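Asks: So the chains spell out like this:
Protein chains: 4
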Amino acid sequence: MIVVMKTGSTAEQIEEVSTRLAEEGFKIHLSQGVEKTIMGAIGDRSRLEALDLEALPFVEKVVPILAPYKLVSREFHPANSIIRIGDQEIGGNKVHVMAGPCAVESREQILETAHAVREAGATFLRGGAFKPRTSPYSFQGLEEEGLRYLAEAREKTGLLVITEVIDARDVSLVADYADVLQIGARNMQNFILLKEAAKCGKPVLLKRGPSATLEEWMMAAEYLMDGGNYQVMFCERGIRTFESYTRNTLDLSMVPALHTLSHLPVIIDPSHGTGKWHLVPPMAKAALAAGADGLIVEVHPHPEKAVSDGKQSLTPEKFKVMMDDLARLTSVLDRELGEVSKRAE
Amino acid sequence: MIVVMKTGSTAEQIEEVSTRLAEEGFKIHLSQGVEKTIMGAIGDRSRLEALDLEALPFVEKVVPILAPYKLVSREFHPANSIIRIGDQEIGGNKVHVMAGPCAVESREQILETAHAVREAGATFLRGGAFKPRTSPYSFQGLEEEGLRYLAEAREKTGLLVITEVIDARDVSLVADYADVLQIGARNMQNFILLKEAAKCGKPVLLKRGPSATLEEWMMAAEYLMDGGNYQVMFCERGIRTFESYTRNTLDLSMVPALHTLSHLPVIIDPSHGTGKWHLVPPMAKAALAAGADGLIVEVHPHPEKAVSDGKQSLTPEKFKVMMDDLARLTSVLDRELGEVSKRAE
Amino acid sequence: MIVVMKTGSTAEQIEEVSTRLAEEGFKIHLSQGVEKTIMGAIGDRSRLEALDLEALPFVEKVVPILAPYKLVSREFHPANSIIRIGDQEIGGNKVHVMAGPCAVESREQILETAHAVREAGATFLRGGAFKPRTSPYSFQGLEEEGLRYLAEAREKTGLLVITEVIDARDVSLVADYADVLQIGARNMQNFILLKEAAKCGKPVLLKRGPSATLEEWMMAAEYLMDGGNYQVMFCERGIRTFESYTRNTLDLSMVPALHTLSHLPVIIDPSHGTGKWHLVPPMAKAALAAGADGLIVEVHPHPEKAVSDGKQSLTPEKFKVMMDDLARLTSVLDRELGEVSKRAE
Amino acid sequence: MIVVMKTGSTAEQIEEVSTRLAEEGFKIHLSQGVEKTIMGAIGDRSRLEALDLEALPFVEKVVPILAPYKLVSREFHPANSIIRIGDQEIGGNKVHVMAGPCAVESREQILETAHAVREAGATFLRGGAFKPRTSPYSFQGLEEEGLRYLAEAREKTGLLVITEVIDARDVSLVADYADVLQIGARNMQNFILLKEAAKCGKPVLLKRGPSATLEEWMMAAEYLMDGGNYQVMFCERGIRTFESYTRNTLDLSMVPALHTLSHLPVIIDPSHGTGKWHLVPPMAKAALAAGADGLIVEVHPHPEKAVSDGKQSLTPEKFKVMMDDLARLTSVLDRELGEVSKRAE
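Protein chains in written order, with full-length UniProt numbering: chain A, 1 to 345; chain B, 1 to 345; chain C, 1 to 345; chain D, 1 to 345.
Note that these hints are calculated values from the structure, not bench results. Among the hints, erroneous ones may be present.
Just so you know, same-sequence chains aren't split out, so a pair can sit in one copy or run between any two.
[Unchecked claim] The calculated lysine-lysine pairs, modelled on BS3-like cross-linking and capped at a C-alpha distance of 27 Å, are:
#1 305 x 70
#2 276 x 36
#3 70 x 27
#4 61 x 202
#5 94 x 61
#6 305 x 318
Quick caveat, the model's predicted, so the values are computed rather than measured.
Only chain A is shown next, with the shape it has when bound in the complex:
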């Protein structure tokens, strides 16, 4: 940590800061420039809690040097983390595609979609049974009934199931049915939910908040790991920007950035990331080229009848075309698409 004193600060004031730092166990290096005095303080970042030095009128600013996250960092775990889910592995050589509707609407819809995406090459089925909706007047999900349909689809297709949990009280219920729990973008900093999901025993896909920074996102993952869940995947789904042609701005640079700073896999959601189905295939290809470990894509057999997100959903036909393109692409990226394991069939 660096403490920058205000111009003209006195010897007593510098002494006061030094004393406080020393009391918290920091070792101090003093640098006196012509204009500014700066102090390098070496010690435990978490002890900074007990010090709010910027509240002192003669301190100009405090610049932290160490990153606030530990367990999610590449330094903590230099090799890539491989998340094992059923017979599948995420974070290794295979790229997995998770596909399905935004919301589970009916048994027929979810089974029809599951078969279609399985056929085209997906390995996971997505679909929301609990929906966080901006309006209280919107469809809020089929809840446990929806979870049952997802489980039935898994049984019939061999696809693994990923679905969102939005209430800390439902974590164990959702974990009973799902293979992967999704924490949605608006819940990225719902620390209560994170703490509960940390204890669920299932892998968690953590979406980036719509305006979250990379550091905030990593800190949210730190909540999961600090709570005991090491099976965490990041999912970039677009951030809010001034652009309105796209629903969000899909920030693909997070793929190489996270691969640099963290050991955890990175999944890309080009459906929420663009909000327009015709932008999904090019951005899905771009995601793989950037090094993504997987995709999560909305597919609906009848997008114009979807209760939500129809305009960003691919039809099964368009999804199939995209999957073929992705297979071609992985060949020059030294990766390959995951496949539903024989045992599962």
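Once you've looked at the hints, dock chains B, C and D against the given chain A.
Replies: Chains B, C and D alone, transformed into the frame defined by chain A:
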């Protein structure tokens, strides 16, 4: 709702859209321009749920005309809503100042602060017993012990108590101790928490999400009102922008904007809104001049020892100076500062 | 400047950085922590130009400590700068209101408006003769003819004239007619225009770019002062945010922030800052309460016929009401509204 | 255009709006709902200039239906535009890579870089002779001397030259030396510069403003085309977001978005788009996978000695590795990398 068809759309396609709209009970007006066909559809906005017309390849865009909120709108309740809390009223002629530390740290700290802010003219005591923290390694609050200290401070000073709730499972516990429940910025779209707070029987102060639009914020309040709680106050606490000198950008235009669109009172938080104590008094004055119904301000007897937000906390002395300025200011704004009622003393 | 080395950097690498810094005249303090090595480098910030240390693979980051601006800083000129324009002073006790239409549309329009705003208490007439327009198909201004009308209005009313310049080649032409040159928001980082305006001999009002940070804005002012023009005023006119109810988000915290960091006056534009005429009076009052040195406000005799910005223009009647409120307000702020000097009449 | 009247507007008010619209040649369709009256107005969007209906107190909002751009739109020119520069074509099957340093620093530097990037497969040499710099104290470019070095490098290598122009007065000078003129991000809405560049007779690469929307960007291109220059290329170089790990957020979704809405080619700048050299290769690959027509990349023989942007510059060695990866990638995208033509050698 306006439906804009893509250039070159056929009579069949226009017919298809018309039919779907008619099926959902919409009355249709067709306008055929040289380049575009547009359809005005009049009906119940909530039925739009069942239609995702933008998923149709020949629909260019759908423009909603009616606002999605109802109960929070000025049209629903043309007069200002007055929120009654103990002997106080918020939303009327009196301007209330809520003051206290970011977090309840100890019995001594909260009692000392309560007396000081009471003396200077505050009518509500603020202080967090449950803290949503970016890092799992940060102080997470004294929890129920903190609530007890707040209640004791209320008893000793006559101040009313406002405190944050972050877990749906704690809503009734917090409502037992507090006079007003605060929903924090990062929980503005925690719909589970909103639904629970709607049933708590206590007024709710709803902070704006750091990147929320006015409409999203009003929809969050709609969750509370739709759930049965009509005692809702908006609280602007700054939004995330590119500016880093301030912690957030305090958007005071929300005061007249909300007063135009809604009947609910508007409180301003210049402490989180700026992140720097020396910016708090000028922005507090600006808030009142813009028409705010109240302020919520961080005051700490020893900011440099605060476990959080020390740099944006006023000392009791500086708070007193600010309150005197605010009293002078209200006189030319045809308002007056609230006072702790005699009975409470 | 602080240089943070990557974890695991070798003695040779530390030596390499030290040597480079020493070559550029920096004095170095080395701090070796358990995890990181950091170097404090004291010297001339402008010499950093010659060093791009972050390009070195073993350097994690470089944190500048000194502000990049000099002449605009409060440290360079501790007292408030007073800008003298004709008989008026901006930056002192008097608050000035600049008013007029967005664009000069005709001789009649500008004269009618000038008389009306003079009557209500404005001291400056605003109006654009050169208009930067998003579309090439929009009205681009009356150009020199517009400047002549402004000059005529000055003669007839005693108001001083402020108008925008958008082309470096027109700076001296505009300076011939205007009392204050305005650099518009989209030209804040048009360094060519800034360099030319620095030489014009007239005061400059520098609007903040729609997404500019405080530091970038101050650096733009630094271009003007470094070029020899010390008569600079900042003008906050709202920044782009996600909020769409308002055209921009008026960032009033810039008033106390600039008064802390700089000696130059700060003017607020609540018209562009909100984009809606009914939000202008409350935000104008808020601006003065926050400590603004002046306002620039759009007034049009017939807003619904304005060629631009009609929806954010006050009528002369509404402007008069606002001015009366502002006069009342200044009395409790220990300031007063400027007046057109007798000699000018 | 849709005009939405405020709730409770009278027949006279509706009549007043209708009359104004009719006067400007609009044909009107009236739709009266239970809550709102809306009017569809069909006519020439440019006549909206003369009407500022939102300034009328009884008009709630005006929603434009037609896009404001014409010449840049896909509807105006359904086939892809191919920009011919020397022997090269941009916008067709071949993907071109433009490479070189941020700034031209010396004859040696530019020649060394030119040979290296030519060797690795680039077809254009980039390098700034005029630099727009945030600080007046930073290196501002070698100006005409720099242009001469670029021209010499073209002669020696067969590379075409792209370089930035920042002053309207320098357009013809730069056009004398360069094959493509670059309009930088901060000048995207410098309409004076756009009008001059429209007349220069050379193709223009138009960078997106750091906070510009797609529509604003297309309108800037419309200035160029309306001024007579049809040889326009878009260049996405990242937008400003809250993320600070990357210098900007590279918005690759603009590639398919622009290919949908416009006929003009799209170039991606992953160097400014990320600000970190190690993110450049993955994002360059992602750009091609998304369908980009070309790349512009910073390469410097000694990044740590670069006068600007060293940390985002690739060394020639790393650039070569990236080019090999890109060549592999294009093969599965049914495209190929451009090559310096034999005649040029």
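Asks: I'd like to know which numbered hints this structure contradicts. Please list them from smallest to largest.
Replies: 4, 5
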